[in-house]
Amino acid sequence: MGEHPEAREEGLTDRPRHGDARRTDRRHTDDRPAARRAGRGILGGVNAPHTDLDVLHEIADLVAGGRVCVLTGAGMSTESGIPDYRGPDGQRRVQPMTYQEFTAGPDSRRRYWSRAHVGWQRFAASRPNAGHRVVAALQRHGFADSIITQNVDGLHQRAGAADVLELHGTLSLVRCLTCENRIPREDMEARLARLNPGFAERVRTGEIRPDGDVTLADADVASFVLATCERCGADTLKPDVVYFGENVPKDRVARAYEAVDASQTLLVLGSSLKVMSGYRFVRHSHKAGRPVAIVTRGRTRGDAEATHRLDAGLGETLVALARTLGLEEDFGPVVDGEYATGLPLGLT
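In terms of full-length UniProt numbering, the sequence shown is residues 1 to 348.
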């Protein structure tokens, strides 16, 4: 989709908050929360560099103007115990299965489903973190008009967000590549359990992976029985997600562009923007003259287009953002470290 010729920079602070008469330009007033005026309580109470606090305050001013489109990536869910494909240096931690590999034959699909079946219950046990709850609150209080996620875990919805555009699909559905029938993932897991009684309990597993599967021994994979489509009988059942090497459906991309174009600020959270499916919206907003704020650990592909950039953990940063905006609700504990603790995901 091309650039809209009428795209132009819009005012950022002259629009009242949705449903809140106090939503005014706070840059030139001193009615900010005391913690913000003093620089306390920001970023989990740590002594963050002054420049980081300034950037956080500037991002808060953008968000206070409303009409924010939030774009989230894998870093959004690491504090829920779900690892991402890439580390802070942008390099892949693991090599994901590609669409071409999955469709190559039944052996590839057996490898995926055996590992996914074992990892599913642990993946499904993950819970929304403080960052997810803040994003839902931004939507609920009228700051964010739209949420686009590159994640397939459904944690935004479980945190209370509505109308989330899942750019890369969802692991909660399974699609037959032959007849296009779709079934709930839980139904698929129940069928796999009947076909492979005791398999998940019997095998030894390695770490969980970003797409919910685990590493297994070759002998265990070879013994796994595949499920077939109940409608057409094919063994081409696939999670309803966009694999590497597969294109995002055009209608979904069009809806994402509409959401971005309807916004006055793009807020990117937890994405390295390495893949074009997310980066194109940053580039699009930049060309249209709209502010782009990026908060994540490490470098991103969109750093050159960002008007605001904060290298920080999402949980503590988003809670600090919420407090700066005057949202005092309980977002749950902020996790220290890279992954959530207490979640039996076998992370290493």
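Rather than coming from a laboratory, the hints here were simulated on the basis of the structure.
Certain hints may be false.
As the list claims (entries may be wrong) - Straight-line alpha carbon distances no greater than 30 angstroms define the calculated BS3-like cross-link-like pairs of lysine-lysine that follow:
{"#": "1", "residue 1": "K250", "residue 2": "K287"}
{"#": "2", "residue 1": "K250", "residue 2": "K238"}
{"#": "3", "residue 1": "K274", "residue 2": "K287"}
{"#": "4", "residue 1": "K250", "residue 2": "K274"}
{"#": "5", "residue 1": "K287", "residue 2": "K238"}
Sort out whether K274 lies within 30 angstroms of K250, counting only the CA atoms. 20 angstroms, holds
Going straight from one Cα to the other, do K287 and K238 come out at no more than 30 angstroms? 37 angstroms, violated
Restraint check for K274 with K287, where alpha carbons must lie at most 30 angstroms apart: Holds: K274 and K287 sit about 19 angstroms apart, inside 30 angstroms.
Run the distance test for K250 versus K238: straight-line Cα separation, threshold 30 angstroms. 19 angstroms, holds
Assess, step by step, whether the Cα of K250 is no farther than 30 angstroms from the Cα of K287, and give holds or violated. 21 angstroms, holds
In summary, the one numbered hint that this structure violates is 5.
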